[in-house]
Amino acid sequence: MSPAPLSPAAATAGRVRRGEQRARAVVEEALEAIARREGELHCFNEVTAEAALGEADRVDALVAAGTDPGPLAGVPIALKDNLCTRGVATTCSSRILEGWLPPYDATVVSRVRAAGAVIVGKTNLDEFAMGSSTENSAFGPTRNPWDTTRVPGGSSGGSAAVVAAGGVPISLGSDTGGSVRQPASLCGVVGVKPTYGRVSRYGLVAFASSLDQIGPFATTVADAALLLEAISGHDPADSTSLDLPVPDLGRAIDAGVAGMRVGIVSDFLEGASPGIRHAVREAADALVAAGAAVEDVSVPTLLDGLDAYYLIAPAEASSNLSRYDGVRYGLRVGAPDVAQMNARTRAKGFGEEVKRRIMLGTYVLSAGYYDAYYGQAQRVRTLVVRAFEAAYERFDALLAPTTPGVAFRFGEKTADPLAMYLSDLYTIPSNLAGHPAMSVPFALGEDDLPVGVQVLAPALGEEAMFAVAAALESAAAPGSRGPVPAGAAVVGR
Amino acid sequence: MAEITPEQVAHVANLARLDVTEEELERFSAQLSSVLLHVETIRRLDIAEVPPTSHAVPLSNVLREDVERPSLSREEVLAMAPESEDHRFKVPRILGEAP
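Protein sequence lines correspond, in order, to chains Z and V. When you line the first sequence up against this note's numbering, it's residues 1 to 493, in that order. When you line the second sequence up against this note's numbering, it's residues 1 to 99, in that order.
Hints may be right or wrong, so weigh each one.
Below are the SDA-like pairs computed for lysine to any residue, each with C-alpha atoms no more than 20 angstroms apart in a straight line [stated by the list, open to error]:
1. V/K90 / Z/D337
2. Z/K348 / V/L37
3. V/K90 / Z/K413
4. Z/K413 / V/H11
5. Z/K413 / Z/L460
6. V/K90 / Z/S273
7. Z/K413 / Z/S273
Counterexamples of contact, computed for chain Z against chain V with all Cβ distances above 12 angstroms [to be verified]:
8. A33
9. R58
10. P102
11. D238
12. A258
13. H278
14. P314
15. L360
16. G375
17. R394
18. G434
19. D447
Hint data in this document are derived by calculation from the structure and do not stem from the laboratory. A virtual CB, placed ideally from N, CA and C, is assigned to each residue, including glycine.
Starting from the given sequences, assemble the full structure and let the hints guide the process.
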């Protein structure tokens, strides 16, 4: 085993708290690193440089006054642009919200600030988080820092890519069907979807409310743990937020995996590329070497989850997105009466994928189809929960691929919505069940592109999940994780 | 076998308050049909006895004390409105009659 990699966010916070480095210097360095590659990668919808330097000065003033700014003191962080930031544009990469300035901060935004982190900007995403490549952004795609002819994944593509490019050590995304884990895998960084309810969704622009969960990106498992601890915990402003203590993930990482039982979801291996199958097998070997008991487990129902997801998520989205009607905020297209104003505003403001999902969701919820589609999908969701429960009678955690393939090329899947949807096949079941899951960079696969392996755990099983993730990180192939050294990206692998 | 005709797409677009072009009617008709064909498998599952899961977390009736607390000011709420007048959101006419 190699030693645990240096965790840059934890190290930076330590230096800033001890007064060994000024937050301003840290943030200036991050802004320079971002500027060097932003023109090429387009990770951001907006870089808030001036506000970030002001925040950094505030952190430095606290340190100077002898007050501890918190566990993320002076650490630059990027936020997916579907998290509300008071007075800073929050667009969801949609024309319909272009220029919208929220009147309040999302709870996670207040929490990262209270922990001493410094927000440097809002990252690009597939419009309203609907997509798996960031190609659905109304403001143009983000490029993968490992190979700029390829997608970074999505929908949190900007947040994954900026961490992989070394712009910031940590960022936040949201995961409705894999939108943190899939881009994490494609960009060679750590990405976590917590248990549903761990992290407040207050101020996260809603896509599919029963599936959405905010989660961290980082270059190391320990940094992801630090950020998750900072944003977790009960919030009265979100009625689905769980009133439970925040787990001590650092201790879970130190505890190791000796004696743990880990199942490999064999059903997920069949559709994965050879490089990815190989990575998962190697990951299993690494866990055995670290003292875990590992065996294959078949959880066949999980694959029905994709169909259920592509009924449930559009149904909830069609309802959530009805609020964009040109009345209270956002775009308005003029018309002689209000109904035409609504329809024209939405036609002009929404992009193609968003329209497709609104149409699909409206159809499956419409009279005569509700039970055949939506009701049936909710019953399949129960089957997925039961299938996981059966597996967790025998295992503490599960191991699976995060994605069926490595980062794909621009345009490769845009013509066929179903092909794009399939890239979330292995991540969706955890959202349906509300369970935690994370992607850990582990190997290089086809075309020497990064491959993440996925660790799944039962509800509230973050401690076991992080223990397994840390063991995998220690055994990961050299060069398989970000940050990618500037200038080292190979174009067109 | 589920197939959505362009006429059905037009009906759904009206329900969704979304203007669609002729070209979009054709395209959405084909694409939505293909997605629904894919989900046919779960439609055929014999699971009528399985209770639906609507939510991952079994919480219900989360209540709070009904007490006054500060909220956003009218100015803040209206600041981002496309059009407002006299502290209200302004919209084009709602009824069918011309003014």
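Open item on the list: Checking one constraint from the list: CA of V/K90 to CA of Z/D337, max 20 angstroms. Satisfied?
Closed with: 12 angstroms, holds
Task: Non-interface label on Z/R394, tested against every C-beta of chain V at 12 angstroms - done: 22 angstroms, holds
Open item on the list: Checking a non-interface call: every C-beta of chain V should be farther than 12 angstroms from the C-beta of Z/L360. Is that right?
Closed with: 6 angstroms, violated
- [ ] Measure nothing beyond the straight line between the CA atoms of V/K90 and Z/S273; if it is 20 angstroms or shorter, mark the hint as holding.
- [x] 55 angstroms, violated
Task: Consistency of the no-contact label for Z/R58, given chain V and a CB cut of 12 angstroms - done: The assertion about Z/R58 holds, with a minimum of 23 angstroms to chain V.
TODO: Run the C-beta distances from Z/A258 to all of chain V and say if the shortest one exceeds 12 angstroms.
DONE: Non-interface label on Z/A258 holds, nearest chain V Cβ at 31 angstroms vs cutoff 12 angstroms.
Open item on the list: If we take the beta carbon of Z/P102, is the closest beta carbon in chain V still more than 12 angstroms away?
Closed with: 8 angstroms, violated
Open item on the list: Checking a non-interface call: every C-beta of chain V should be farther than 12 angstroms from the C-beta of Z/H278. Is that right?
Closed with: 29 angstroms, holds
Task: Given pair status - V/H11, Z/K413, alpha carbons within 20 angstroms - done: 29 angstroms, violated
Open item on the list: Is the claim that Z/D447 lies outside the interface with chain V correct, judged by CB distances over 12 angstroms?
Closed with: The claim stands: Z/D447 keeps its Cβ more than 12 angstroms from every Cβ of chain V (closest is about 29 angstroms).
Open item on the list: Does Z/K413 sit within 20 angstroms of V/K90, going by the straight-line distance between their CA atoms?
Closed with: 42 angstroms, violated
Open item on the list: Does Z/A33 clear chain V by more than 12 angstroms, comparing its Cβ with all Cβ atoms of that chain?
Closed with: 33 angstroms, holds
The structure fails hints 2, 3, 4, 5, 6, 10, 11, 14, 15, 16 and 18 (numbered hints given earlier, in ascending order).
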